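> Below, each chain spelled out in residue letters.
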Amino acid sequence: MVSLNHYLVLSAILFAIGTAGVFVRRNLITILLSIEIMLNAVNLTFVAFGRALGAADGQIIVFFVMTVAAAEAAVGLAIVIALFRHRESLNPDSWTALKW
Amino acid sequence: MSDLVFLLPELVLAGTALVLILIARHVSRAQAVAVSVVVAAMAAIFSGWAFTPEAPEAPAAMTVVFGGTIAADGYARFFKVLFAATLALAALLSVKHVDTERVPPAEYYALLLLASTGMMLAASAADLLILYLGLELMILCAYVLVGITVNRPIANEAAIKYFLLGSFASALLLYGIALVYGVTGATDFAAIASAVSERNLTRHPFMLAGLALMAGGLAFKIAAVPFHAWAPDVYQGASAPVAAFLAAGSKAAGLAALVRVCLAAFAPEQRIWSEMLAGLAVLSMIVGSLLAISQTNMKRLLAYSSIAHVGYALLGLVTGTPDGASATITYAFIYSFMTLGAFGVVIALGERGEDLLAYRGLAATAPVTAALMFLFLLSLTGIPPTAGFVAKFAVILSAVRGGHVVLAVVAVMCSVVSAFFYLRVAVMMYMMEPQGAAPARVPGAVAAALAVAAFVTIVGGILPDTFTAWTVPPSLGKTPTEITRALTR
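Line by line, the protein sequences give chains A and B.
All residue numbers for the first sequence refer to numbering that gives the first Met the number 0, where the first residue is 0 and numbers rise by one.
All residue numbers for the second sequence refer to numbering that gives the first Met the number 0, where the first residue is 0 and numbers rise by one.
No lab work stands behind these hints, which were simulated from the structure alone.
These numbers were taken from a predicted model, which means no experiment stands behind them.
Do not rely on the hints blindly, as some may be mistaken.
Now the stretches of chain B that chain A is said to cover, found in silico as 3 or more residues with beta-carbon under 8 Å [claimed, not checked]:
#1 156-169
#2 178-184
#3 231-238
#4 322-335
By construction, the Cβ of each residue, glycine as well, lies at the ideal position given by its N, Cα and C atoms.
With the sequences and hints as input, model every part of the structure.
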């Protein structure tokens with residue numbers, strides 16, 4: 000029997016994987032994908048909680064989050080393309096005009 | 000149907016933005032500016048008109064519309080007027096940059112309008128989902144605005160840094176919302192507050208994790224240390240009007256959301272978030288003030304100053320009282336105008352406005368611009384009789400009243416440190432030999448925006464009650480006594 004806790008642990012693991020990806024990977028596309036993993040981990044949490052609570056809110060919220068994630072991916076990829084035109088590299092470390 | 004009246008400002012802004020995008024090819028820069036300013040004025044009028052004034056002594060009951068997702072209270076109205084003003088000033092300040100950097104005008108102004116819509120939604124949200132959607136609408140437009148000058152590599156770099164850190168912070172915020180939803184079974188603020196106090200969930204591990212994650216996500220939006228790394232890079236890389244818009248608008252929107260979430264949804268958790276916010280405030284004040292000292296770029300200096308100012312603004316909220324919240328709101332309001340003014344001077348000076356050394360002897364070549372800059376610097380430092388003093392006084396007073404004397408002492412010490420780097424610019428302007436020729440004439444629109452910012456900075460300082468009368472704290476789902484009773488139970 001798969002309980003609520005299984006789903007929560009799985010989504011926490013997914014969220015941790017996404018977080019690690021954002022900080023460890025050195026490719027802009029991979030970082031974008033990691034952020035998507037984080038958002039989908041949250042979606043899984045919402046769906047699992049919605050099912051456990053017996054309410055539809057959780058599922059409905061996921062639709063909104065998916066829409067936002069799509070818009071975010073569109074904006075992110077557009078920025079990456081604009082960057083790539085200046086310097087043929089996807090490594091975030093090659094961008095150092097602004098000191099951190 | 001009547002509920003729609005409360006969303007008129009947002010509807011007008013979003014509708015105009017969509018029309019602007021549709022007819023983008025036929026819109027000139029002058030038309031786009033005129034439309035933006037007119038629409039901002041309409042939004043301000045609508046937000047004032049739609050809300051019946053409430054009795055100041057009884058803001059307890061939350062007036063909600065749209066099934067409890069949108070709050071229609073004085074707090075929302077106040078922020079809608081503020082965001083309309085920010086939008087109008089940013090639209091006027093952008094005139095020169097849109098021309099010189101060949102930005103497509105209709106798209107640029109449509110994004111400004113949509114970002115303001117998101118800010119207004121975030122400030123009037125009474126539901127975590129609406130709050131998230133409002134903040135996302137704002138920040139997605141902000142990413143594009145930062146990188147809209149695609150030919151400048153530095154702007155692209157700022158945009159990608161903003162985007163990566165911003166999406167990461169949004170994911171944190173959303174995970175926090177998910178955990179809070181899971182524990183309480185609700186996303187609207189009143190239901191969360193009552194579920195937490197009735198089922199005694201204040202120490203539930205998911206609740207604490209959710210609170211921490213949400214605090215992190217919102218701290219990014221207001222650029223509080225340690226979630227501040229993006230601010231200096233983004234303000235430096237973005238063109239000056241966009242930086243001004245972000246410094247004033249997105250910061251105020253983040254504060255508006257944070258204050259309402261803390262007071263309306265998590266009132267029973269007050270002890271926990273007070274401690275978290277106190278930490279953020281102390282770090283922001285110290286790190287912002289100290290790092291600003293070594294800056295040589297004016298926009299970067301203003302970015303670190305904005306980090307320090309968010310620390311001051313949080314002092315009011317830390318106390319957790321409605322009076323403290325009012326002080327924080329007052330701070331957000333006054334800070335918006337003084338930072339718009341300071342960025343306005345940077346814009347008025349053109350290319351040379353970004354280099355700190357270019358301010359040497361400015362009083363001789365451009366006396367009016369230098370005087371305005373001096374005014375805004377005084378206000379940012381917090382010296383009477385400017386509005387900055389009134390704002391800083393209010394938050395420090397509320398911190399002392401709330402028993403956070405250490406925080407107040409840190410704030411005063413950081414103000415002294417900040418006086419060094421603000422007044423150094425004033426010394427450069429008035430006591431050094433002029434460098435190069437006089438700056439070019441300031442466009443009328445930029446001058447008008449500067450005049451408005453200066454007006455608010457002076458009037459807010461001399462007659463503090465003019466603006467503080469509007470700064471009502473957010474209405475709560477329950478009356479304060481009910482919450483105290485739940486706390487003591």
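> Does each hint fit the structure? Answer for all of them.
Now the hints, each set against the structure:
1. 156-169: holds (count 10)
2. 178-184: n = 4 at 8 Å, threshold three: holds.
3. 231-238: holds (count 4)
4. 322-335: It is violated, with 0 qualifying residues against the three required.
In this structure, the one hint that does not hold is number 4.
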